[in-house]
Amino acid sequence: MHLKHNGDVLIFNTLTIVYGKKRKKENRPRRQRTTFSNEQTYNLEMEFQRNEYVSRGKRFQLAEKLQLTETQIKIWFQNRRAKHKRIEKAHMDQQYRYD
Numbered sequence: 011m012h013l014k015h016n017g018d019v020l021i022f023n024t025l026t027i028v029y030g031k032k033r034k035k036e037n038r039p040r041r042q043r044t045t046f047s048n049e050q051t052y053n054l055e056m057e058f059q060r061n062e063y064v065s066r067g068k069r070f071q072l073a074e075k076l077q078l079t080e081t082q083i084k085i086w087f088q089n090r091r092a093k094h095k096r097i098e099k100a101h102m103d104q105q106y107r108y109d
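If you count by my numbering, then the sequence shown holds residues 11 to 109, one letter each, in order.
No lab work stands behind these hints, which were simulated from the structure alone. Some clues are possibly wrong.
Stated by the list, open to error - In the SDA-like style, the derived pairs of lysine to any residue whose C-alpha atoms are separated by at most 25 Å in a straight line are: (1) K99 - F70; (2) K84 - K95; (3) K68 - I85; (4) K68 - R91; (5) K68 - Q88; (6) K84 - R66; (7) K99 - E80; (8) K84 - F46; (9) K84 - F70; (10) K84 - E55; (11) K99 - R66; (12) K84 - D103; (13) K99 - Q88; (14) K84 - N48; (15) K99 - Y63; (16) K93 - R40; (17) K84 - N53; (18) K84 - H94; (19) K84 - I97; (20) K84 - E49; (21) K68 - R40; (22) K84 - R107; (23) K93 - F46; (24) K68 - M56; (25) K68 - K99.
All chains should be built: construct the whole structure from the sequences, respecting the hints.
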């Protein structure tokens with residue numbers, strides 16, 4: 011068995027275990043959380059109702075229209091799909107509880 015300790019990373023053969031923050035990230039400030047306006051949220055929700063997955067072209071259009079980056083649009087849709095999945099699961103769990 012080969013163990014090597016290097017900074018905040020413990021290396022065990024090919025398995026890497028991180029036990030704490032790496033030093034690189036400590037120097038970088040955290041990215042500020044995006045707060046969407048009511049208009050942006052409304053437009054994103056309307057598009058989500060039409061299609062849960064947004065195409066590259068539509069993502070570009072939404073970014074231009076809403077003054078957001080394409081990455082912000084992409085992440086919003088990822089998070090919204092996760093929220094939708096949680097809601098659906100809770101609804102199904104609720105149904106089974108009362109059956």
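Hint numbers the structure violates, sorted upward?
1, 7, 11, 12, 21, 22, 25
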